[in-house]
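Visitor: Sequence:
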Amino acid sequence: MQVVALRTLKLFWQRHPRAEILLRMWHSMVSQAKWAGPADVRAEFGSADVVGDNRVIFNISGNRFRLVAHISYEYKAVLVKFVGTHAEYDDIDPATHGLT
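Just so it is clear: in the sequence shown, position 69 is 94 by our numbering, and no numbers are missing.
Keep in mind that the hints are not guaranteed to be accurate.
Below, in silico cross-link-like pairs of lysine-lysine (BS3-like), each with a Cα-Cα straight-line distance of 27 Å or less [claimed, not checked]:
hint, residue 1, residue 2
1, 59, 35
2, 59, 101
3, 35, 101
The following label-pair restraints were derived from C-beta to C-beta distances [as the list claims (entries may be wrong)]:
hint, residue 1, residue 2, range
4, 57, 112, 25 to 33 Å
5, 39, 62, 28 to 36 Å
6, 98, 42, 29 to 37 Å
Derived by calculation from the structure, the hints in this document are not laboratory data.
Where is the CB? At the ideal position from N, CA and C, for every residue including glycine.
Construct the entire structure; sequences and hints are all you get.
Guide: Below, the structure is given as structure tokens:
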């Protein structure tokens, strides 16, 4: 899968250095993935939650951080829509956050 918005991850780990290694690992795993649908994502990330519009919520660092991504299975692309602390995540609607 092609991960779009690595810059978003970098900006986040600059503010939260403890997240850097885990977000780099997530990026590496997703970049190598060949997902055909949500079941494939859940097989690799058992705690991932699928919400509407092909969005997936990933728990990072034991749920300390949350990442919301839109996945296009057809185009093999993952667009990072949000990355934040659990408290920041509580203030968004993951099904619509990042829509323009």
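Visitor: None of the hints should be skipped; say for each whether it holds.
Guide: Each hint, compared with the structure:
no. : hint                 : result
1   : 59 - 35              : holds, 24 Å
2   : 59 - 101             : holds, 7 Å
3   : 35 - 101             : holds, 22 Å
4   : 57 - 112: 25 to 33 Å : holds, 31 Å
5   : 39 - 62: 28 to 36 Å  : holds, 33 Å
6   : 98 - 42: 29 to 37 Å  : holds, 33 Å
Consistency with the previously given hints is maintained throughout, with no hint failing.
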